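Starting from the two chains in their separate frames, assemble the complex, guided by the hints.
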Amino acid sequence: MKKQFLAAAVLAATSMLAQAGTLGDGNLSISGFGTLGVAKTDSDDAKFARYNQAAGTGDSPRIGLDSNLGLQATYTFNESLSGTVQVLTRKNTSQQFTTDLTWGFLKYKLNDETNVRVGRVVLPAFLISDYQNVGYANTMMRPPIEMYGQAPIENVDGGDVNWQHAFGDTNVTVQAFGGVSRGKLYIPTGGGSVAKHQSPVYGLAVTAEYGPFTGRLAHARAKIEVNNLAPINAVTDGLAATKIPAMIQLADDLTLKGGKRMSFTELGLTMDWKNIVLQAEYAQRRAHEPVYIPETNSGYLMAGYRFGKVLPYYAHAYYKGAGSSVTVPTVPAGHPLAPTLAGIRGLLVSPEQKSDLIGMRWDFAKSLALKVQIDHVKPQVKGGSLILPSGVMTYGNSVNVYAAGIDFVF
Amino acid sequence: MKKVLTALLASALAAAALPASAEIVVIVNKDNPASRMFSEQASQFFLGKSAMFTPVDQAEGSKIRADFYQKVAEKDPAQVKAIWSKLVFTGKATPPKEYKSNAEVKKAVADDPKAIGYIDKSAVDDSVKVILTLP
Numbered sequence: 001m002k003k004q005f006l007a008a009a010v011l012a013a014t015s016m017l018a019q020a021g022t023l024g025d026g027n028l029s030i031s032g033f034g035t036l037g038v039a040k041t042d043s044d045d046a047k048f049a050r051y052n053q054a055a056g057t058g059d060s061p062r063i064g065l066d067s068n069l070g071l072q073a074t075y076t077f078n079e080s081l082s083g084t085v086q087v088l089t090r091k092n093t094s095q096q097f098t099t100d101l102t103w104g105f106l107k108y109k110l111n112d113e114t115n116v117r118v119g120r121v122v123l124p125a126f127l128i129s130d131y132q133n134v135g136y137a138n139t140m141m142r143p144p145i146e147m148y149g150q151a152p153i154e155n156v157d158g159g160d161v162n163w164q165h166a167f168g169d170t171n172v173t174v175q176a177f178g179g180v181s182r183g184k185l186y187i188p189t190g191g192g193s194v195a196k197h198q199s200p201v202y203g204l205a206v207t208a209e210y211g212p213f214t215g216r217l218a219h220a221r222a223k224i225e226v227n228n229l230a231p232i233n234a235v236t237d238g239l240a241a242t243k244i245p246a247m248i249q250l251a252d253d254l255t256l257k258g259g260k261r262m263s264f265t266e267l268g269l270t271m272d273w274k275n276i277v278l279q280a281e282y283a284q285r286r287a288h289e290p291v292y293i294p295e296t297n298s299g300y301l302m303a304g305y306r307f308g309k310v311l312p313y314y315a316h317a318y319y320k321g322a323g324s325s326v327t328v329p330t331v332p333a334g335h336p337l338a339p340t341l342a343g344i345r346g347l348l349v350s351p352e353q354k355s356d357l358i359g360m361r362w363d364f365a366k367s368l369a370l371k372v373q374i375d376h377v378k379p380q381v382k383g384g385s386l387i388l389p390s391g392v393m394t395y396g397n398s399v400n401v402y403a404a405g406i407d408f409v410f
Numbered sequence: 001m002k003k004v005l006t007a008l009l010a011s012a013l014a015a016a017a018l019p020a021s022a023e024i025v026v027i028v029n030k031d032n033p034a035s036r037m038f039s040e041q042a043s044q045f046f047l048g049k050s051a052m053f054t055p056v057d058q059a060e061g062s063k064i065r066a067d068f069y070q071k072v073a074e075k076d077p078a079q080v081k082a083i084w085s086k087l088v089f090t091g092k093a094t095p096p097k098e099y100k101s102n103a104e105v106k107k108a109v110a111d112d113p114k115a116i117g118y119i120d121k122s123a124v125d126d127s128v129k130v131i132l133t134l135p
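Each protein sequence line maps, in turn, to chains A and B.
Counting in my numbering, the first sequence runs from 1 upward without gaps.
Counting in my numbering, the second sequence runs from 1 upward without gaps.
Chain B with its partners taken away, still in its complex shape (with noise of 0.2 Å):
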């Protein structure tokens, strides 16, 4: 009995030193004129709110994508589906491009000028640029 407790408490100690979730960051072409970005105006990229740019989306299912939308937006997954359907079956808008990994994100934003995307900070290099960090 006491080895398991004393395993649950190692266990959980383990998982504390951990951070909860990993930093996102929102990523843009080098040559977008953007340097600095509030969540609220990230949100509407992805929440199809503005044409401005155009949003590169991560897999769906996967943990960075309800991850990000919930720091950024406060949404679940399907909060954000309902929306995009919203916008899908009038084509007002057409969903977000899904891309399988970090690299293909960051591959995506870097050969589009006005894409904007996210991805682990761990995966930042000098061919993307990070506008805005959501710890």
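So that you can see chain A by itself, here it is in the shape it has in the complex (with noise of 0.2 Å):
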């Protein structure tokens, strides 16, 4: 079934494909990208997957972890005015593909550095947040789940404002966000289920080129509301219900019923000089008042050589916990609540887990690059992201994750 989906996916593109030289000539065009790879690892245990994933991907191939389709429509009204709508196609937060409005706004340019979007737009948080789903414009496969699980928000309902100017040789880029976030969030733990969040966000992002070198700085704070989070909600429902006001507190500080403030901080770096290319993220998570999400730090770091159109890479990502926002309250020993106060102190670890990847990107033909790629995945603490089954609290055995790809553009 699913391959049939993507059978048929594919030969709608390559429709579109043919079609396109011809609709791109007038106001309308119409462009695509999209991924078709297969991926299996060593292991069945605990089973890899992209963030805010679903399907894992264990020791049998396939397809989803990588695979996705994506359409782009862009009605161009006058010089000002323009519409653009995408769709994504990809195995995300259910266990089959489904489709979703990635973007949808329309942009007006104010002057020739500054234009404005309304509508559904890109949440800046990552430095490749805007092409993250667009294999063809990265060089790894996928981007380290180390750090862009740290905050799986991808658009803002509301709009941006963008301005480029030239300081010299230096490209100056800042981008001011907007709106609310809503979607799906998947939680892997207690056997995995679905919650939904709306959040207030806003951000800035700034990036400055120069030549080969782009710096980037983004800073988006949120306050993220979910109020269906199951296995949370068990766990404060329980704590409201011993009627103590301590343990009243502790649940108000632990939820995420109404929202809760919190703030993301990334400084990215690449470099394409010469035939060497560099890629590097580093990012903190911060709680601005007490929730049960863990305050993280992580980073990596992507290394590659040009040799003409193959383009070799290893990569090391990790994150850890950087601390929590709630205090838990201490009872005597064989207080009735011991066991569930040392199971929420147990709740507000980090995960932690690194890893260590080598890859080879091969343009081999026009508008489609060939990659290959192993993950070498190490759990530090809970078993890291790995998606591990019904029960099973911890996983420490390393993952090997095998995965090719071919990504194509029209």
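By construction, these hints were calculated from the structure, which means they are not laboratory data.
Since we're looking at a predicted model, the values are computed, not measured.
Don't take each hint at face value.
[Said to hold, decoys possible] BS3-like cross-link-like pairs, simulated, lysine-lysine; straight-line CA separation at most 27 Å:
(1) B:Lys107 / B:Lys30
(2) A:Lys274 / B:Lys71
(3) A:Lys109 / B:Lys114
[What the hints assert, rightly or not] To give a feel for the contact side, a few chain B residues facing chain A, derived at Cβ under 7 Å:
(4) Leu47
(5) Ala51
(6) Arg65
(7) Ala78
(8) Ala82
(9) Ser85
(10) Val88
(11) Gly91
Backbone N, C-alpha and C define an ideal beta-carbon position, used for all residues, glycine too.
Okay, here's the thing in structure tokens:
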């Protein structure tokens, strides 16, 4: 079924490719991107997934990890006003392939340096937020989950302002955004469940480009509200039922009901100089009021060297806990609530993970790139970002992920 | 055998006599106040880093297009495509319009005061203004 679907999607894409030439001539331009990939790991005990992806990949080959198809239409009304819609089909929070509206906005060009977009726009938390789903635009097979899993919100219903200015040889872009982010979050614990979030969010991203070097600093603030987070609600309902003030306080501290303020700060660098390709990012996730979500630090470094059309690369990625915003009350040993509180202390500890990966991108034909990548994933605390079977709380063994795919744009 | 060698030598000499690739010039509209430009500046428009001018491209897969991006930015066609796909799929920019020949590029630049294009030096006439020569 899944394979039939993808075959149909590829057929549809190919027929659109044939039409793209004629459609592109007028005010409407249709373009698309996609990846046809296959992946397997060497373990079925813990499964590997992208961030916010429900279907984990185990020791039998699966196309769902990396395969996707995006279609985009832009209509130009006049020199100042255009509209863009993009839909993306992939395996995300559901076990099946689903199609979602990634962007849908009107863009108004105020002048040569400034434009405003209103509608559903990208949440530019990361260096590659803009094109993280476009395999062809990226060196690596997929964004490192260690970092991109720390803020799995991709778009905002609202708007942004982009200002681009050249200071001598340095190009500076400032992007300010705000609105409400809505979407589904996949909660891997307790056998897996999907929660809906609606989070007011705003922030700023500043990018400076100088020749082959790009530096980027971004800061995003959100009030993350999730009301149907089953595993956490079960805990907080239990605490509130004790009618003990300290436990009611703890329940209020843990919950995402009603929304909790968090921030995400990111620093990114890229270099594409001579044949050396570098990409690095570091980020901090922080809570600005008590919430169960742990604070984290994350980062990665990728280095590659271009031999003509072949680009081999290596990357190291990690994330670590940076503390919790919740203080759990202490009770004497033997107190009836002691096991519950010990469980909550465990819940507040962030998972941690490191990965080393090697891969190769080969631009073997026009608008096509072949990639192979092997990830050596080392969970450090609680099984890292691997999806564990129901009831299993920790997993300490390394997992190798073998993946190959073809990226295309049209 | 000797004949083959002579023929090879002759063709090598003939090839050496021709320039490796023809000179390319970057052109703008005659009303454009710019008079000179460095290749780093010109590449900004063709790689989507500045929207001050509207770039006009030659046909995808053409030799002049591959030569132009190599000379102006040391990028091969696949790298240029990857750079544009970053911009296109966020709706931040649309790739340059393509034209099939030097004459069509020249006409597009002559018709649009904000346009910037590139053509073979031999195709230049007084309908456009040359602001950069790429040897």
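Taking the hints in turn, this is what the structure says about them:
| no. | hint | result |
| --- | --- | --- |
| 1 | B:Lys107 / B:Lys30 | holds (12 Å) |
| 2 | A:Lys274 / B:Lys71 | holds (14 Å) |
| 3 | A:Lys109 / B:Lys114 | holds (15 Å) |
| 4 | Leu47 | violated (10 Å) |
| 5 | Ala51 | holds (5 Å) |
| 6 | Arg65 | violated (12 Å) |
| 7 | Ala78 | holds (4 Å) |
| 8 | Ala82 | holds (5 Å) |
| 9 | Ser85 | holds (4 Å) |
| 10 | Val88 | holds (6 Å) |
| 11 | Gly91 | holds (4 Å) |
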